Amino acid sequence: MENVIEMRGIWSQYQDVVIHRDLAFQVAAGEVVALVGGSGSGKTTLLREILGLLKPVRGMVKLFGVDLSDPDPMRQRNIRQRLGMLFQQGALFSALSVFDNIAFPLRELKRLDEDWVRDLVHMKLQMVELEPHHAQLMPAELSGGMIKRVALARALAAEPELLLLDEPTAGLDPVRSRNFVRLIKDLQKSIGFTVVLVTHDLETIEGLGSDVAVLAEQRILVKGSLEAVAHFDHPFTRQFFGAPSV
Amino acid sequence: MSAPAFFAEAEGFRLSGTWTLAALTAGKPRAFARLRKTLREAGQRRAGWHLAGVEKLDSAAALLLWQSWGRRWPEELEATPAQREALQRAAALAEEMSAPSPVTQADATAGEDSLLKQIVLAPVLHLGRPTLILLHNLRGVVELFGRLVLDSFFLFRHPQYLPLKEFSANLCKVGAQALPVLALMGFLIGVTISYLSALQLKLYGADLFIVNILGLSIIRELGPVLAAVLVAGRSGSAMTAQIGVMRVTEEIDALATFGVSRTIRVVLPKVAALTLATPLLVLWVSAAAIVGGALAARLQLDISFLYFFSMLPRSVPIANLWIALAKGMVFGFLIALLACQLGLHVRPNTESLSRRTTASVVTAITLVILADALFAILTRDIGISG
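Chains as they are written, first to last, in numbering that gives the first Met the number 0: chain F, 0 to 245; chain P, 0 to 385.
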């Protein structure tokens, strides 16, 4: 299988604080990986480095086999169009309606006519279980759960092959959070994209049935199935997963 | 990843390759348009479709196929269960969309109505809407002013709630930190006016009147207006933006939950600081302009500094200085009140924020010039020696 994400020898630091020390991280196509770690362990930094929003001090980041430091702007654009990002707070464009928010990445492709865009936007709305009349609302008029769903619809709009989720269930109540996880899982099964998520929530990891990568001691400590990682002997994993129930 | 391919064969149409949005839009725009055209033409013919060779079919491609088929199922379809599911989703959506919703119908009739309205009522609407908005804002300003008066009564009785720290912080920001740029601008404008006037005065041999011209115009008019324009651009816009962002991030509401009045903690210190700082800035900018003017007069007309500054009090009565200070206070008060009012009514989106910040500067400068005209009429008999 081709590696969708390939990071090697990553060093990142803020001023004097070293966050990642010679970190390596690979995700194969179709994998679902949850990134866990204590606060301040550099999960979000890693996510931002995958997105190319932040450049590591040293090291190589490859998405879909293309180096992120490639200077060709068109190639950079093409990589970005193959990934979708769900920000923790949604990061919807506040001046645009729900419809225009979801249509934004589609219109950026510059190939689609308005009919197709309209149908696709409504299809994505349907996917995240929102009604067609919600399309005309402004982001300020949405509830927290709806913001997450619209943001997911926007992230999925251009049919990404890689979906990055930053705390997808933070701030949702348990029922909504379970529904949201099921939604992502169903979509992942039917469309088959790769998912990398940052989360603190064990229930989300179980619900998605994902692999787990533990970020501690400035590197990826261990990566594997939930079962395997839960039995890994380290202060962080013991605390995070509770005492292993053997 | 292989490109999406389409073949017309004897037993029907056969598709192969990757049918995804990324693959479809990866090639040249013209190739994509040609593919769509071929698909649409094929969709009108009665024939079987064979999708078994398709590696991947995403929802965008499924929708494209469904549209090409004229939004109905083809005579014969060979597809995997997953592909059929994707197509079914597109079909379900199309049914929902094709049922005309009551909203769109209402919109259509409203559209005809508004065409008539546009022709007949356009001038009325164009004039009326801004007027109503202006009146609405004016009402808001008056309301805010009333609120501040009530707050002052409250603070008079409970002086422990006086926002002194905020007041001094604002005073530093709008006053002290504005000094360098105001001095530079005042000085340069003084030099320019003095230089241009000197050229004209030389023609008539009226060199000595440079003191009267500079003193009166700068102290009475230019100083206050220049300071106000700069304060509106520098501090007024900052106030609107700051309060506006506090509204967008709900910080203003967070204040209220702690029982802190937003007008006392946020608006009052800003208004008080600008009302106090602007007259001082007026003095400062006028002084800088006079120094610049005196320097230019010295170089251009050989008028000594000693003569210039000893003539100044005699040609410009002290009343002008009081008028300038009063103007400064009124201008500062108006700018701050308007900036806060506009900031408090920012809607929670970036577009509204930028519009309000622009409006804050433009309206404040207009208001300052109007107030200046009013001052000119009210004080026409004061401070000008005949």
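Because the hints were derived from the structure by calculation, they are not lab data. This one's a predicted model, so the numbers in the text were calculated from it and none came from an experiment. There could be a bad hint or two in this list.
Only pairs whose alpha carbons sit at most 25 Å apart, straight line, appear in this in silico DMTMM-like list of lysine to aspartate or glutamate [said to hold, decoys possible]:
| # | chain 1 | residue 1 | chain 2 | residue 2 |
| --- | --- | --- | --- | --- |
| 1 | P | K172 | P | E84 |
| 2 | F | K109 | P | E40 |
| 3 | P | K27 | F | D21 |
Not the full set, but computed from the structure, chain F residues with beta-carbon under 7 Å of chain P [to be verified]:
| # | residue |
| --- | --- |
| 4 | A94 |
| 5 | L108 |
| 6 | R177 |
| 7 | N178 |
Positions of the beta carbon are idealized from the N, C-alpha and C atoms, including for glycine.
**Message:** Tell me the hint numbers this structure goes against, listed in increasing order.
**Reply:** The structure breaks hints 1, 3, 6 and 7; every other hint is satisfied.
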